[in-house]
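Please model the entire structure based on the sequences and the hints provided.
Chains A and B are the protein sequences, given in the same order.
Just add 2 to wherever you are in the first sequence, counting from 1, and you've got our numbering.
Just add 1491 to wherever you are in the second sequence, counting from 1, and you've got our numbering.
Calculated directly from the structure, the hints in this document are not laboratory data.
Bear in mind the structure is a predicted one, so any value in this text is a computation, not a measurement.
Below, in silico cross-link-like pairs of lysine-lysine (DSS-like), each with a Cα-Cα straight-line distance of 27 Å or less:
{"id": "1", "chain 1": "B", "residue 1": "K1810", "chain 2": "A", "residue 2": "K115"}
{"id": "2", "chain 1": "A", "residue 1": "K14", "chain 2": "A", "residue 2": "K143"}
{"id": "3", "chain 1": "A", "residue 1": "K173", "chain 2": "B", "residue 2": "K1581"}
{"id": "4", "chain 1": "B", "residue 1": "K1809", "chain 2": "A", "residue 2": "K115"}
{"id": "5", "chain 1": "B", "residue 1": "K1809", "chain 2": "A", "residue 2": "K173"}
{"id": "6", "chain 1": "B", "residue 1": "K1744", "chain 2": "A", "residue 2": "K173"}
{"id": "7", "chain 1": "A", "residue 1": "K115", "chain 2": "B", "residue 2": "K1789"}
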Amino acid sequence: MRFAPRQLRWAKWIVFGLSLLPLLRLIALGVQDRLTANPIEFITRDTGDWALYFLCLTLTVTPLRRFMGLNVLVRFRRMLGLFTFFYASLHFLAFIWFDHFFDLAEMMQDIVKRPFIAMGFLAIVLLVPLAMTSNDFMLRKLGRHWSVLHRLIYLIAILALLHFWWMRAGKNNFAEPLVMSAVVAMLLALRLIWLRRDSVRRP
Amino acid sequence: MLIKLPCSADPLPSEITALEQFQSRRHFLAQLAAGGLSASALVDAAMANETASRARLAARINPAYTVADKATTIADATSYNNFYEFGLDKGDPMVRAGSLKTKPWTVRIDGEVKKPLTLDIDSLLRLAPIEERLYRLRCVEGWSMVIPWAGYSLAELIRKVEPTGNAKFVEFTTLADPAQMPGLGSRVLPWPYVEGLRIDEAMHPLTLLSLGMYGQVLPNQNGAPVRVIVPWKYGFKSAKSIVRIRFTETQPKTAWNGVAPDEYGFYSNVNPEVSHPRWSQATERRIGEDGFLTRKRKTLMFNGYPEVASLYSGMDLKKFY
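As structure tokens, then:
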């Protein structure tokens, strides 16, 4: 499948609009006072969920290209990656605003004391350089280092999952983390398989 | 093919479902369709459907048991519940607890007592004068509400059954009927849900046997038809929809304590000094008040009920959390 430049522009706007829907939904629910009795928790969990979903979508681009030859999808990968960062940032903002009311000292204490928060914090910190180097200028400037740097996304995926599991620990409610882990494990396993195959091929 | 001819012994549809109920279901379905089948429409419809149908429960305000805090709205208190027998989401109990049959209902009171009893709800309602008490409720998850409960001190009931000298603990068992409780398929907790108190905690006048809230009988999602309220402990200690109260010599094996003993102690007194392993207990978010524009509020020792401190004199509350 190929897109003409004009079609691609349209397609990008459509993907952009779709990616904003989770945020628009939150706003719509908020306006209607339907964010449950604990809106803060709802917003925090919902943005966290969507950050993880977009991370998975971003990681799905390459497998789809390889298996189905949908090379055009790579044109959307940057946007999906940036939406991962966008929802993760909203999630983080909810944490520092609603949980700690911008008391940074208190927030740092929480990060140091609680491993599940530390995992999430590390994930968002590592996402920052990826978001900052996602423009064409940095891509060109970094050259082959760029793709090495952006392999950090695999580590970020694992940290995000640990964050999710740990959050649920002690309440035994692991259905969602289990599904997400299975998806991420599959996506990462594909990379390992390709890595092995490629290194075998290269003498 | 089965062809079913109506026979005179069969009940008419109208005998099975009263007209009013049928119409309210129609109304519910219509609302559901209008709301585009969204989850929140389901919640709204469930809310409208069940607040209208609860019986009033007359209770005299007991001024000795009140707090200055503003009461949480009934809408919040009935739509944000942890009642895993009806599902793991906070909104599940309101939507799904309609299947709980609260009449007939009996509570068996036995174990280390001289006069074991089985009481139905009407006898429980008559056992002592019903009082309204405004209590703070602090969930172990870090949120809180303020609820006007209706009931009487559990001690009134305990005195009726005359515990023996061996009775050191009281164990509360929640109903576990898969036909009425769709959440029982989940493996999150061992069923039935069991909670417990030391006998002196159970006898403390603050410990309430609750049959209602907000001037009505208990909504199903809040533990109808009868539950305990122990306001100085985290909410999960206050067992809902109780079918058995047993007096024991040894400490009962309670649900959350059995699942994660490092996270949920047997005592589970509200204590801002003792962190949960995954979050601090120093502050709490009052539902309907704190968070967007204000800081979370400080959690008070024993949830602001210092009169219970003497129950624990000499105990290291960091060890017995």
